[in-house]
Amino acid sequence: MKQFWTVFKFEFKNYAKNKAFIILTLLLVVGVGVVLSIPRIQAAIGSKNEQGAPTEKTVIALEDKTGTDANATAAFFASAMKDTEFKVTDKSVDELKKAVDNDEYSSAIVLNSNLNYTHIVKNVGMYNSFDTQFNEIMLAKYRSESLSKLGISQNDVNSLLSAAVQADTVQTSSGKDQMQNFFYTYILIFALYMAILLYGQFVATSVATEKSSRAMELLITSTEPKNLMFGKVLGAGLAGLSQFVLIFGSSYLFYNLNKSYFKDISIVQSIFNMPLSILLYTILFFILGFFIYAFMYGALGSLVSRMEELSTTIMPVTLVFIVAFMIVMFSMGSGNVDNTAMRICSFIPFTSPMAMFVRIAMGEVANWEIAVSVGILIISTIAIGYLAAAIYRMGVLLYGKAPKPAEIIKMLKKSKSV
Amino acid sequence: MNFQTQGLTKSFGEKQVLQNVDLQTQSGRALGLLGRNGAGKTTTIRIIMGVFPPDSGKVLMDGEPIHRRSINIGYLPEERGLYPKKLILEQLLYLAELRGVSAKNAKASAVRWLDRLEMGEYINKRLDTLSKGNQQKIQLAATLITDPEFVILDEPFSGLDPVNAMMLKDVVKELIAQGKIVLFSSHQMNYVEEFCDSIAILNKGKIVISGDIKEIKRSYDRSKIVVSSPQREKIDAFCREKLTDLVVKTSELGDSLKIKMKSADCKGALISALAAQEFDLDGIRVFEPSLNDIFVEYTEDAI
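If you're matching them up, the sequences are chains S and R in order. The first sequence begins at 1 in the working numbering and counts up by one. The second sequence begins at 419 in the working numbering and counts up by one.
It is worth saying that the hints were derived from the structure and are not from the lab. Cβ coordinates follow ideal geometry from the N, Cα and C atoms, glycine included. Fair warning: there could be bad hints in the mix.
[What the hints assert, rightly or not] Residues from chain S that face chain R, not an exhaustive set, calculated with beta carbons under 10 Å: (1) 9; (2) 10; (3) 14; (4) 42; (5) 217; (6) 222; (7) 250; (8) 394.
Next comes chain R alone, as it looks inside the complex:
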């Protein structure tokens, strides 16, 4: 299946919240929708879910306008909420039946997901007796109980401890391996980088960059190299004093030294110059920006 949005535009009153948002992903892939608070992530997801219509633009599945009732969608809203006073099993069954699962299948699926999320012991507890993180896991079980083909997770990691975050990560990886479409929003780059094939960064309602993460990284110019060495200070001084025709700027990057060259072509000359000085070199690599760097670069001047 191929999921797409075309030119989603939305404004609330005077404020334009989304402007021509195009997204694209397919079965077996995960698309990360990134953006700062208020960038329009949740609005985009709500339009996809049909909570409200866009002012213009389309939501398509395999090229056709999406039929939300015939495609099994699992949705984890940003505003988490179930019935606090009800038994967990009872409300999971209700939500599953509402989405068309038979009572019998719903029960089996509820038990399976609660066990998978290590929540089996709470099956007959009231929701409000659980901690916030555990309530979040119940919410995830409610999202996945119908075995959806299309999973939308709005900020799935917020409120989870590292162990639970790891568990969620594994679940999402399984979903991808099973060939589901996974769309999720987040601003926690480390998780996104781990299992997202492609990303779209939203800033002030506009997509500022989107596509395959690897390609985005490769598109950055390769004129920066990172040198790891115990003699970092010496190399730094040498570069700044002797190699001014090759080096524009040096800076620290953790334990290493980041060197910006005049162009990517200077790489060979720089390496031979350093080698000729017989510095103790542990490693030399071309610098690739992390997702975090990319995110900051595209959203810094925003909101």
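This is chain S alone, in the form it adopts within the complex:
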């Protein structure tokens, strides 16, 4: 046990003293601070702008072929669309095209009939909100005019057209609001993904360094391999967890500093008002998910003889992990996080840290399911830990080509039987 602590301290210090690690953590903390201060900064800049000149209006050419009063139509459109000026012209379509191309107008509209228009633009943007908005206005104009023609008074027309339904959704106390949960679950899953991948590879690199520098033989003759493997993985785990806590803690701090600026941004509010139980589950799944992968990465790291082989050797584990991540992400996107794939994944130890976590946060999952999933995960993590230590011990003798899985199993069996 004492030796385990020696390894643990040594490994943790490796991270804590590592300049890259410190700089990365600081950058992330500063980044989070800047992002969470953006509304405050925007507000500061915005208040200056309001005192200056009003923003320039968009100018749109309007050609009315419907035969009604073109100027009245232009006035109606201008009143409906803020910051937009409609200039009446009688140019031909080709001339308008040329004018738009020369940036004389930002765009041009040719009204062919009451419900038909041509919109001449230079660039078609990805989010074309103008057309939808303009269609609404055209429709409103058409309806109001048609209703007036039928002899209904202007007031009645207005109240009819502006009628709106009011709805209130009342949520039961045990239910979940997927919309709200989505954002913090997304952020936490992403953090989980990054942390496991990053730290798992740190562990693999650290083991591979010991092997390629041939320090391993001295280490395994100095102490039990399980001390080395568990000390190394737990040391890295603590480093990762403290980084996690530091970043999320500082973001909580920055959020509270800028709280008043986030009043109207419900997404951000939903993230920081996440239930405590979710946070605790995050930590639990971070720890278990991290360990199970770190042990696998550590075992694979001990099979390579040169650093260059490391990335190809650890690829299979990384792929399994990425597939798990994809399944979880697609399920989250589809809105149904309790589908069959997710149900299965939430009990497989390699996928359950993410799958079960998402189901807890966004789906419906019974307590016994959580207990079984966590139980399976804990048992397999410990089993893989011991297996990794055994492979690590064997790895010291394997130089040259990395062995195939079948060969590893054979050697493990042999070393156990003696």
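Take the given structure of chain S and dock chain R to it, following the hints.
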């Protein structure tokens, strides 16, 4: 303490690497494990260190199976390696603490060994800034930092310059004088001869000869004598022409002449025959094989 291996046998796949290896030594003595490349020296040492188990056979200390965690063993692996990017003191302390030395004692011991090996100035340097020979000395400090009772050195001399080799030799002699068990492997016979009491020569995984060096030498038949004389050629010719009933063969041995006689009993007759011719004789002695000769004799037809 009495260290012993009994019938160590090991094969990797089809290849039998060790076959019934018996070794024996005790406190205050050094045992040299000799053999050509690939003879099984490192495999033997790794089995002793518990890196992997033997297929059969035992490693015993005072007649009991060895407890590697309770006996303080200092091990210098053949594959040298520490942490290249770490400070020397830092990794020495780590390795000492792993082997159960308290942080305070480890520090004192690290400083003492680095000074002893003239490495004191590098204590806060990174390992990879040192030359290979100096890294080797750091490795030796890591081996001895726990003040082990049993020291195993696998090819300790490889990579050292003559001055450093001398320093290592002195260190090993001190260890022997302090009553430690020293086991080391080498194929550099001159060093082995200097401080080893006993040797074991491994060839193709088998011990071909083992025991006290002096006894091994004495066991060679004493039918060869070495004659030092300025008149070497004359003596040579005389032996071959006139003393055919005593001499089997003559050959040069450096500046001297080696004469193989029909048997050790012919010694007196040969000496009186040479004396009667009034040759200018500087010295006559019985030829004893060097360790090198013995080594070559037992391993020549190998591998």
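Exercise. So which hints don't hold here, by number, going up?
Worked result: 4 and 7
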